[in-house]
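Enquirer: Each chain, written out:
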Amino acid sequence: MNKLNRYGYIFVAPFWIIFLVFSIYPVVLTFYYSFTNYSGSGTAEVVGLANYKRLITDTYFVEAFFNTWKIWGINFALQITIALILAAVFSDMRVKMKGLAFFRSIFYLPNLITVSSVALLFGILLDWQHGSLNMVLIKIGLISEPINWLNEPTTAQLSVSLILTWMWFGHSFIVVMAGVSGISRDYYEAALIDGASRVQTFFHITLPLLKPILLYIMITSLIGGLQLFDLPMLLTDGIGSPEGSLNTMVLYLYNQAFKYSNYGYASAVAYGLFVITIIFSAIVFKSMYRNERKQARQV
Amino acid sequence: MSLVLVIGVIAGCSNKETSGESKNGKKVDLKIWSFTDELKEPIKKFEEKNGVKVELTIVPIADYPTKLKPVLESGVGAPDVFTGEIAFLKQWVDAGYWENLSEKPYNVDELSDNYVPYVFDLGKDQDGNVRALSWQTTPGGLYYKRSIAKEVLGTDDPDTVGEMLSSMDKVFEVAEKMKEKGYRMFPDEGSIRWFSQGDNPKPWVNENNEIQLTEQKIAFLDTAKKLRENNYTALAPEWSPSWFEAMDKPIKVKEGGKETETQVFSYVLPTWGLHSVLKTNVEESEGDWAVTNGPSPYFWGGTWLGVYNKSKNKELAYDFVKMMTQDDEFLTDWAKETGDVLSYLPVTNEIKDDFSDEFLGGQNNYQFFLEQAKSIEPGIVTKYDQQLDTFYGNAVQEYVDGKKSKEEAIKEFYKKVQNAYPDLKVPNK
Numbered sequence: 437m438n439k440l441n442r443y444g445y446i447f448v449a450p451f452w453i454i455f456l457v458f459s460i461y462p463v464v465l466t467f468y469y470s471f472t473n474y475s476g477s478g479t480a481e482v483v484g485l486a487n488y489k490r491l492i493t494d495t496y497f498v499e500a501f502f503n504t505w506k507i508w509g510i511n512f513a514l515q516i517t518i519a520l521i522l523a524a525v526f527s528d529m530r531v532k533m534k535g536l537a538f539f540r541s542i543f544y545l546p547n548l549i550t551v552s553s554v555a556l557l558f559g560i561l562l563d564w565q566h567g568s569l570n571m572v573l574i575k576i577g578l579i580s581e582p583i584n585w586l587n588e589p590t591t592a593q594l595s596v597s598l599i600l601t602w603m604w605f606g607h608s609f610i611v612v613m614a615g616v617s618g619i620s621r622d623y624y625e626a627a628l629i630d631g632a633s634r635v636q637t638f639f640h641i642t643l644p645l646l647k648p649i650l651l652y653i654m655i656t657s658l659i660g661g662l663q664l665f666d667l668p669m670l671l672t673d674g675i676g677s678p679e680g681s682l683n684t685m686v687l688y689l690y691n692q693a694f695k696y697s698n699y700g701y702a703s704a705v706a707y708g709l710f711v712i713t714i715i716f717s718a719i720v721f722k723s724m725y726r727n728e729r730k731q732a733r734q735v
Numbered sequence: 109m110s111l112v113l114v115i116g117v118i119a120g121c122s123n124k125e126t127s128g129e130s131k132n133g134k135k136v137d138l139k140i141w142s143f144t145d146e147l148k149e150p151i152k153k154f155e156e157k158n159g160v161k162v163e164l165t166i167v168p169i170a171d172y173p174t175k176l177k178p179v180l181e182s183g184v185g186a187p188d189v190f191t192g193e194i195a196f197l198k199q200w201v202d203a204g205y206w207e208n209l210s211e212k213p214y215n216v217d218e219l220s221d222n223y224v225p226y227v228f229d230l231g232k233d234q235d236g237n238v239r240a241l242s243w244q245t246t247p248g249g250l251y252y253k254r255s256i257a258k259e260v261l262g263t264d265d266p267d268t269v270g271e272m273l274s275s276m277d278k279v280f281e282v283a284e285k286m287k288e289k290g291y292r293m294f295p296d297e298g299s300i301r302w303f304s305q306g307d308n309p310k311p312w313v314n315e316n317n318e319i320q321l322t323e324q325k326i327a328f329l330d331t332a333k334k335l336r337e338n339n340y341t342a343l344a345p346e347w348s349p350s351w352f353e354a355m356d357k358p359i360k361v362k363e364g365g366k367e368t369e370t371q372v373f374s375y376v377l378p379t380w381g382l383h384s385v386l387k388t389n390v391e392e393s394e395g396d397w398a399v400t401n402g403p404s405p406y407f408w409g410g411t412w413l414g415v416y417n418k419s420k421n422k423e424l425a426y427d428f429v430k431m432m433t434q435d436d437e438f439l440t441d442w443a444k445e446t447g448d449v450l451s452y453l454p455v456t457n458e459i460k461d462d463f464s465d466e467f468l469g470g471q472n473n474y475q476f477f478l479e480q481a482k483s484i485e486p487g488i489v490t491k492y493d494q495q496l497d498t499f500y501g502n503a504v505q506e507y508v509d510g511k512k513s514k515e516e517a518i519k520e521f522y523k524k525v526q527n528a529y530p531d532l533k534v535p536n537k
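Protein chains in written order, with the numbering used here: chain B, 437 to 735; chain E, 109 to 537.
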């Protein structure tokens, strides 16, 4: 018996060693650095809570916080709406759409392109003077002056949101479809017989029963969204232009650490981001489950 | 930032690669790290000459400092020789990662007369010891199209055109003439940023850690805005697809509700702009180019290299540095093959007189650039330059776009500086 136990430890050891060295150690070290003025080389001097004090009053961090939320929020609302509409269409018992597998792959494709290629592609499409988007809009007479998409804060943020939506709606769609196929057909047949309209079926059967899936999508998307970095980094100059509107929290962290060599402060930013992620995940989780309990009582 | 971008573009195709041989377990005698594939050919020659095996690791410039730093700090898997780009050169020579080449057995100070002065001086640390050398010099020029110059200015002779562009006021006069004939002086407003120092070049940060925003730099805000307001540019931002396109072809500019087709007269680029930007993007107008001076001399970029101070193979490592920076035969071939403008005077003196470039209509660009290099002031380089240039470039852009007033733009600039570098002192305004 004893011998068997020892083998167990040996088998789990590789995981623990890698986990300790590559995950726990950096996390702990970052926590230590957040109390120092470490500049990437030389020695780190402990400065107490100075970095955290600065973080709370840092207007650029606050700006980054709101930018991240704006960009993620618009993207998520659009993405989930598109995914739900598509799911409703594909699961409709009366329409019986064909080619689900085909469309599923098509919708998912943008997600397979590396973000740097996506940024390059949209950089060209959204180009002020020579971009296809402006050319098309001028041709059909929607605008007379070309819009400098990536040079105005509002349009730049909107562009990032829309690109993210394009990249991720296929992913959400697949997950939602998985959820939909888990709903018993009986409900829909009953609804059909009772004469429920499509809209009623969707809002009273599909949506409530999808709640756990939606919760999952929302939390994973939130955690990913709060870490938004690559697109804003690559689309403009990498420090959040125009007018700091693409300055997201992780981009700010990256610049503080690797561009300005303020590793100590960047570590504090990382922990600030960590706390924010925990708080909002908890809020989302709580609110979704409270609703569920309330409904359970109603039933 | 722009420089990082272009090098990124150039290095993009090569990406990060480690030569395969080492993986097969063969012994590697020398490890070299760099951020472009530029050293590939020299390394081949070095291997043949010395019968050794060299491993080159290329890391794209965006990741280069971040990847190299930990390796140098710990010494594990570190290169014996590594290159440094001007953007982080100052930081690195002072950090002491490179071997002190002023000491025995290197004694490079004895060779100081052999180099373009500013290039040699930039490789020195705060105590005046040489840490890195460079084979090239990268003074800037203004490349223009001969055919347009002939039509509008009546001449395409580089010296005469240079005389017409020798002050900012004169540049605007030429720009106005260009506009009258339907051409645009520059691709974008950023083009003239290298002349923003005017006649008063000062480092961004002085010895008391104070930011120095000179009157000339502030005046540059208006100069840039004037370019935009008078429609002297083709609205093609540097490194954007349209910027590249305008080099070779007429481009369409949309402004004031109408579309006009125009051609760009000139590009402000340094030595390497010729072989890594213009030549690679131009086909039709080959031979129709020439290079001359702008209102003030400047330099842009440059690669230095040195020996890692914890290297176990310093002798061989220095041999490579020596070949790259002091070998007459190698450097002569290098200059002829690549068109790179060298900083090693014994070789440049030999080749400068009968150098000519077909792309530039047979002009001797070598002599021109060496002349420009003499008026470069090395003391104005600081480790903050890259970021501060980006911040100030943003301020200028926002002012030109009409988003901010001059005062607001400068205030925002100071705020960004203070945020990125809390140790620097900015004026309390």
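In case anyone wonders, no lab produced these hints; they're calculated from the structure.
Wrong hints could be hidden among the right ones.
[As the list claims (entries may be wrong)] Once the Cα atoms are required to be at most 25 Å apart in a straight line, the calculated DSS-like pairs of lysine-lysine come out as:
#1 E:K232 with E:K523
#2 B:K489 with E:K523
#3 E:K420 with B:K695
#4 E:K310 with E:K325
#5 B:K575 with E:K482
#6 B:K695 with E:K161
#7 E:K175 with E:K523
#8 E:K523 with B:K695
#9 E:K422 with B:K489
#10 E:K491 with E:K512
#11 E:K148 with E:K177
#12 E:K148 with E:K310
#13 E:K177 with E:K157
#14 E:K519 with E:K333
#15 B:K695 with E:K366
#16 E:K491 with E:K177
#17 E:K482 with B:K695
#18 B:K695 with E:K333
#19 E:K177 with B:K575
#20 E:K533 with E:K523
#21 E:K198 with B:K489
#22 B:K695 with E:K177
#23 E:K232 with E:K360
[Said to hold, decoys possible] Computed, partial: chain B to chain E, Cβ under 8 Å:
#24 G476
#25 Y488
#26 I492
#27 Y496
#28 D563
#29 S568
Here the structure is a predicted model, which means the values were calculated and not measured.
The beta carbon of each residue, even a glycine, is placed where N, CA and C say it ideally should be.
Enquirer: So, for every hint listed, does it hold in this structure?
Expert: Now for the hints, and whether the structure bears them out:
1. E:K232 with E:K523: violated, 31 Å
2. B:K489 with E:K523: With a Cα-Cα distance of about 18 Å, the restraint between K489 of chain B and K523 of chain E holds, given a limit of 25 Å.
3. E:K420 with B:K695: Judged against 25 Å, a Cα distance of about 31 Å means the pair is violated.
4. E:K310 with E:K325: holds, 10 Å
5. B:K575 with E:K482: Roughly 52 Å between the alpha carbons, so the hint for K575 of chain B and K482 of chain E is violated.
6. B:K695 with E:K161: The given pair, whose Cα atoms are some 35 Å apart, is violated under the 25 Å limit.
7. E:K175 with E:K523: violated, 29 Å
8. E:K523 with B:K695: Holds: K523 of chain E and K695 of chain B sit about 16 Å apart, inside 25 Å.
9. E:K422 with B:K489: violated, 47 Å
10. E:K491 with E:K512: With a Cα-Cα distance of about 28 Å, the restraint between K491 of chain E and K512 of chain E is violated, given a limit of 25 Å.
11. E:K148 with E:K177: This hinted pair holds, its Cα atoms lying about 23 Å apart.
12. E:K148 with E:K310: Violated. K148 of chain E to K310 of chain E sits at ~37 Å, over the 25 Å cutoff.
13. E:K177 with E:K157: violated, 31 Å
14. E:K519 with E:K333: holds, 18 Å
15. B:K695 with E:K366: Outside the cut-off at roughly 41 Å; violated.
16. E:K491 with E:K177: Distance ~15 Å between K491 of chain E and K177 of chain E Cα, so the pair holds.
17. E:K482 with B:K695: violated, 32 Å
18. B:K695 with E:K333: violated, 29 Å
19. E:K177 with B:K575: The hint is violated at about 51 Å.
20. E:K533 with E:K523: holds, 11 Å
21. E:K198 with B:K489: violated, 31 Å
22. B:K695 with E:K177: holds, 13 Å
23. E:K232 with E:K360: Roughly 47 Å between the alpha carbons, so the hint for K232 of chain E and K360 of chain E is violated.
24. G476: holds, 6 Å
25. Y488: Because about 15 Å separates Y488 of chain B from the closest Cβ in chain E, which is outside the 8 Å limit, the hint is violated.
26. I492: violated, 14 Å
27. Y496: Because about 6 Å separates Y496 of chain B from the closest Cβ in chain E, which is inside the 8 Å limit, the hint holds.
28. D563: holds, 6 Å
29. S568: Violated - the Cβ of S568 of chain B stays beyond 8 Å from chain E, reaching only about 11 Å at its closest.
Hint check: violations occur at hints 1, 3, 5, 6, 7, 9, 10, 12, 13, 15, 17, 18, 19, 21, 23, 25, 26 and 29; the rest are consistent with the structure.
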